[in-house]
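Peer 1: Taken in order, these protein sequences are the chains called A and B. Be aware that the first sequence starts at 93, since it is given in my numbering, and climbs by one per residue. Be aware that the second sequence starts at 93, since it is given in my numbering, and climbs by one per residue.
FYI, nobody ran anything at the bench for these hints, they're computed from the structure. Any given hint could turn out to be false.
Heads up, the list lumps identical chains together, so a pair's fine if it works in one copy or across two of them.
Below, in silico cross-link-like pairs of lysine-lysine (DSS-like), each with a Cα-Cα straight-line distance of 25 angstroms or less [to be verified]: (1) Lys-195 to Lys-179; (2) Lys-254 to Lys-280; (3) Lys-125 to Lys-402; (4) Lys-195 to Lys-101; (5) Lys-224 to Lys-152; (6) Lys-152 to Lys-402; (7) Lys-280 to Lys-97; (8) Lys-152 to Lys-179; (9) Lys-419 to Lys-179.
Chain residues, written in single-letter form:
Number of protein chains: 2
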Amino acid sequence: MATIKDVAKVAGVSVATVSRVLNSNGYVNVDTKKRVDQAIEQLNYRPNDVARALFKGRSKMIALFVPDIMNPFFPELARAVEDITNKNDYTFVLCNTDDNLEKVLTYMDALQQKSVDGIIIVSSTITAESLKRINVPVIALDRIFSSELSTVTVDNYQGARKATEYLIGLGCQRIAHISGPINASNAKNRLQGYLDIVSDEDWFLPSYVASGSFNLQKAKDVATELLMNHPELDGIFAANDVMGIGAMKAAESLGIHVPNDLSVIAFDGITMGEMATPSLTTMEQPIYDMGARAAEMLIEQINDQKLSRKNEAFSVQLVERQSTKRKRDMNE
Amino acid sequence: MATIKDVAKVAGVSVATVSRVLNSNGYVNVDTKKRVDQAIEQLNYRPNDVARALFKGRSKMIALFVPDIMNPFFPELARAVEDITNKNDYTFVLCNTDDNLEKVLTYMDALQQKSVDGIIIVSSTITAESLKRINVPVIALDRIFSSELSTVTVDNYQGARKATEYLIGLGCQRIAHISGPINASNAKNRLQGYLDIVSDEDWFLPSYVASGSFNLQKAKDVATELLMNHPELDGIFAANDVMGIGAMKAAESLGIHVPNDLSVIAFDGITMGEMATPSLTTMEQPIYDMGARAAEMLIEQINDQKLSRKNEAFSVQLVERQSTKRKRDMNE
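Using the sequences plus the hints, can you model the full thing?
Peer 2: Below, the structure is given as structure tokens:
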């Protein structure tokens with residue numbers, strides 16, 4: 093394979109001159125440029141990405157940080173980001189951070205070494221301070237952790253209000269919320285939406301909150317405790333679908349029928365919720381669209397680093413399935 | 093940040109000499125080496141990965157090709173590969189190929205340009221021929237598509253025999269198989285295991301086979317057709333868990349009770365099967381261990397490209413859940 097040195101030799105110029113021609117920067121005499129172009133063609137020289145990264149400090153690589161690709165919310169997001177990066181000739185790097193700040197910093201250093209072009213981050217723990225370690229555009233996806241970044245999210249607060257109102261509309265009067273980790277902006281906003289509705293003066297319902305950490309087993313455990321301590325509960329709003337499934341498993345193990353005795357609504361719209369029996373009513377996020385939009389915004393920022401900060405929030409949509417039902421005493 | 097040029101200037105040597113010192117190759121005078129080392133220290137110079145890749149043709153990057161990360165079998169595999177690559181200071185690149193040969197070739201060219209160090213491939217369609225485009229170690233994971241590569245799989249044939257025998261042991265006499273795409277080696281071996289058991293002279297049972305393409309909706313459709321055309325069916329062995337869930341959905345929609353009227357067993361051991369109601373009996377693969385082993389083997393091969401080819405097959409394990417049940421007439 094021909095190297096940049098071979099091109100320089102054939103063209104009778106220096107390597108630096110070939111590099112200037114390749115990167116279209118700096119002055120090059122028209123005749124010289126012609127000689128270099130001819131040498132490139134003659135030798136069938138293709139500068140590889142590694143060389144290009146060294147010259148330009150750009151690698152045609154984009155990274156996505158997620159807590160854990162095994163959490164079923166993230167594969168669709170990752171697929172969307174990869175589809176867009178691939179379409180734009182970027183290579184897609186995936187990093188599982190376990191939302192552990194030390195791991196995040198190690199990834200950042202490694203990616204900096206590789207001249208990564210930009211990063212999309214889903215995180216609750218990264219500090220604005222730690223972002224200073226890396227000198228490339230960053231988009232915050234799904235969760236907001238720094239006011240300085242462009243973000244792609246959904247309207248978590250409105251979605252949570254709608255979910256809670258929906259249960260009230262079905263006749264539920266004793267509604268519990270299983271929340272996500274409270275340092276995550278999305279979990280915090282969903283909790284607030286729930287609280288604002290149940291405590292609204294129109295209804296003034298009691299509130300019941302337990303943290304399920306966005307985790308199925310944890311949600312099953314806290315839902316079991318809630319349902320045992322509060323047999324009066326007739327509705328649960330879980331802050332994500334895997335916790336909604338955990339809540340249904342808890343009800344099943346206690347002999348509480350969903351949806352006859354208890355309505356369960358969740359948040360996300362992952363396939364697993366559709367597959368569950370009963371299938372899970374949920375506030376559906378446009379997961380694929382969110383990932384794709386974040387990747388597009390990142391590429392725009394890579395191409396024009398002077399672009400101003402953007403915050404885009406998609407709306408969520410109620411998808412009614414089998415886990416919720418109008419209470420019988422409402423119909424009578 | 094200091095560059096290799098700065099080091100050369102301070103040490104009073106050429107860039108090529110600094111490069112020889114950095115890469116410990118070629119002759120360098122002891123005094124010269126000392127001067128270079130001092131210059132490196134004085135300038136706090138750190139050759140970045142991009143420069144290293146250019147010199148050594150190695151990038152500290154490993155790629156994983158999967159058909160689609162949204163298929164719930166792959167996130168756990170990807171997580172395992174990423175854990176091992178990360179532990180060994182490699183960056184993890186994920187490519188969704190849709191099992192489309194043209195996409196695969198485009199990825200290969202892009203990764204070659206980036207001097208990727210090795211690739212782990214899950215594929216049914218890649219030809220040995222197309223692998224010649226890329227000059228790095230490759231491990232075939234989950235499916236075997238070239239006899240020239242090292243592989244990490246499970247014993248699909250034995251696993252399928254055991255699944256089918258298990259249904260017979262429960263008293264099932266009319267057992268259907270929902271197969272994967274027949275160009276995938278794992279699907280082919282699972283089909284063969286099923287066929288060899290039902291046609292065994294000990295039982296000589298009829299066989300019923302329909303292809304569900306490892307896809308939930310497709311499996312639901314073909315299972316609906318099978319169950320309508322053959323009301324005598326009392327057992328289904330699906331070649332993967334998502335198709336097992338599809339078969340259960342088909343039975344549910346036809347008013348056929350699982351497991352009272354129909355036992356369903358599948359293959360994989362993904363979380364979604366555990367979450368389904370009824371929870372899905374399955375032949376569980378050690379998915380995480382497979383991914384981790386493939387990554388370890390790849391790194392061994394990157395470090396010693398003379399290593400001989402290895403084929404490792406994990407065994408699978410029966411996990412009994414709620415979707416299978418001894419037939420009542422067997423107990424009476």
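Peer 1: Indicate, hint by hint, whether the structure satisfies it.
Peer 2: Hints, verified against the model:
no.	hint	result
1	Lys-195 to Lys-179	between (29 angstroms within a copy, 11 angstroms between copies)
2	Lys-254 to Lys-280	within (16 angstroms within a copy, 48 angstroms between copies)
3	Lys-125 to Lys-402	neither (41 angstroms within a copy, 51 angstroms between copies)
4	Lys-195 to Lys-101	neither (45 angstroms within a copy, 36 angstroms between copies)
5	Lys-224 to Lys-152	both (21 angstroms within a copy, 24 angstroms between copies)
6	Lys-152 to Lys-402	within (23 angstroms within a copy, 34 angstroms between copies)
7	Lys-280 to Lys-97	neither (57 angstroms within a copy, 51 angstroms between copies)
8	Lys-152 to Lys-179	both (12 angstroms within a copy, 24 angstroms between copies)
9	Lys-419 to Lys-179	neither (49 angstroms within a copy, 53 angstroms between copies)
The structure fails hints 3, 4, 7 and 9 (numbered hints given earlier, in ascending order).
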